[in-house]
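Chains as they are written, first to last, in the numbering used here: chain B, 1 to 557; chain U, 1001 to 1176.
Read the hints as simulated data drawn from the structure, not as lab findings.
Worth double-checking, as some hints may not be accurate.
Listed next, with one range per pair, are the computed distances between beta-carbon atoms [unchecked claim]:
no., chain 1, residue 1, chain 2, residue 2, range
1, B, D136, U, D1047, 17 to 25 Å
2, B, C170, U, A1140, 54 to 62 Å
3, B, E229, U, N1024, 44 to 52 Å
Note that CB positions come from ideal geometry on N, CA and C, so glycine has one too.
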Amino acid sequence: MQKTGAEILVEELIAQGVDVVFGYPGGQILDVYDELYKNSDRITHVLTAHEQGASHAADGYARASGKVGVVIATSGPGSTNLVTGIANAYLDSVPLVAITGNVGVPMLGKDSFQEVDIVGITQPIVKHNFVVRNVDHLQKTVREAFEIARSGRPGPVLIDIPKSTQQTSCEYECTPIIPGARESSPTQWTDLAGSRFEEAIAALAHSKRPYIYCGGGVIASGAEAEVLELSKRIHAPIGLSMMGLSAVPHDYELNLGMTGMHGRHQSSRIHSQADVIIAVGVRFSDRATGDVREYAKDRTIIHIDIDEAEINKNVPVDIPLIGDAKEILSALLERVEPAHNEEWATTIAGAKAAERDRNPEKFNPQTIIRAVNKHFGPDTIVATDVGQHQMWVMQNYVFEKPRTLLTSGGLGTMGYGMGAAIGGCFATSKQPTLLFTSDGSFGMNLNELATAVSQKLPLVIVLLNNGVLGMVRQWQTMFYGERYSQTTLDRKTDFVKLTNAFGAQGFKATSLDELEQVLSSELPTDGPCLIDCHIGQDERVLPMIPPGGSIDDIVLD
Amino acid sequence: MDKQDTARQFAVGILVNNHFGVLNRVAGLYAKRTYNIDSLAVGETEDPRFSRMTIVSTGDDYMREQVVKQLRKLHDVKEVVLFEDNSTVGVEHALVKMKSASEYSAGISDLVERFGGKIKDFGPDYVVIEITGDHGKVEAFLERVGRDAIIEAVRSGLISMSRDLGQVLSVAEYED
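Work out the full structure: start from the sequences and follow the hints.
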């Protein structure tokens, strides 16, 4: 049957199981939007306020659902507005397909109106990208794009579709989607019987102080149960990178919580005392390891990762096991003998007991987050923005289930949260969704409140308002002689009125009692609300291991 | 990763799809990882769907390992080999346009012959010489001719392949 490029694209999206896409229309993507209009009973399009918001929404949707997120934008500024969102997905290995319109093939390369080389612009921040100049290649390209996005180490893929390709017809049949070579054998790991695998078994057998360092790859691979089983089998405590934070239930006795720069003190301390580190799906970010030489000293590092290029990239690895984390851990579990070192167990138990709360009765970031936490169930999707509030959430919110945390790890994108919360809300069929943000981050993309209102999304936005760019201010306090260059906001924004102006409910809380009152009241179910919580401008994120430092340099208070 | 291993020049051979933009992706990867390219040569293979590249750059063991692994992640890259000096044949071409006045070109025919070169073109004021050989040989020729005598010199960059049948960047396995 003859179909136009625009028709083929929409059919292929549906064939991929895509039921919601996020985007913003424009001149060079009109044909695709015309097809979305005709197929609105089969595929939902969510109109955002800005393409960046759409890109973060697609990212949040992907993280929360485990499916590929899809974002659509027009050429030129529409496509450049996606760049931050694509980079964000790239750094956090989120499967995303970004579709952009472009000027027709005869107009390409002539600096035509709203023409940019988005394929060139996004090259360093995608797994791969395509320009589809010939409609005959469109079906194959879309299928390849989805396959690349979700296979191996997931990531973003961009498809640039000139308007002439959208309008031209070709013979089309929507054949069943067969997983390609990349997916049918997702791993290059053929090492199972090889020497490295035996080395890993031996290292674990001899270890007196094993430690599992677990990252986002555990969630991507769905290896949560295997990590837990290995931990129990050899009595290894688990420390988590931020990307891995929701992989292990909070109350599991050997879960020490986040490790690294702003991780839990005891998680980082025990991390530094381990003789064997089993690192699963992590990339040893500088935020997690600190001083790399100190980190790798006098210990054996077993690194399990699907991306071979991560081996030895940031930290020298003793035993690399390359492939899917779930497969490798399953293979290890068939061989690893139970072990229990009493001395290590005592150390870990002591460390857990040493964790203490600070000022549990005062109105501060910690108590605010914990108070909010009590009102939401373990399935609630929690999005954050970037900065101090993000770290406080990591330290104080109790995550029980994988894929409930949407946060910008690698890129550290202020303004990520609003879009991500919208995407996360769609991934749970509009269940109540939390966003923790701050006046700085929220100010960047608060326009997406309009989206949450028009889509009737039950977002609860908890805004930690300190009137400063807190994280940068904290660094200025600690490392720049309290010279607060451009971090005092001095704005007069009334967030309650602002929220009202968008057509949503706003609340203000200045004490735990007031906060409790708001949370206990009937929060709207058919639209967002915002709780403006005023906190001190000199609240700091602690503990902190200064950049490039080690556990010995930790700042506790 | 250890700092004690020193930087040295090395070549990689890459089999890539012969599409527009692929060179950009490969070169962009070097730039993104902050690696400098010393020379780059690319040409179509015996199968027009693919090209082979030889890229020379300078780095330590850490960088060599990273370059190869990161290149393998590019979807237009089919295969990558790291060439080891002792198991690789490599040549470079140079075209040298030099002044033909006698103070520069005396004995030039002998020199070209000794280096196995050819005179490709000449006129009243100039002569164009082709030289082929490893990097050192081309370098030596240019030195002998002397900077003052050279009007312009163009070098192809190294092209390399493995000496034996072990590290072949074959296109035969890719079906039509």
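(request) Determine which of the earlier numbered hints do not hold for this structure and return their numbers in increasing order. (result) none
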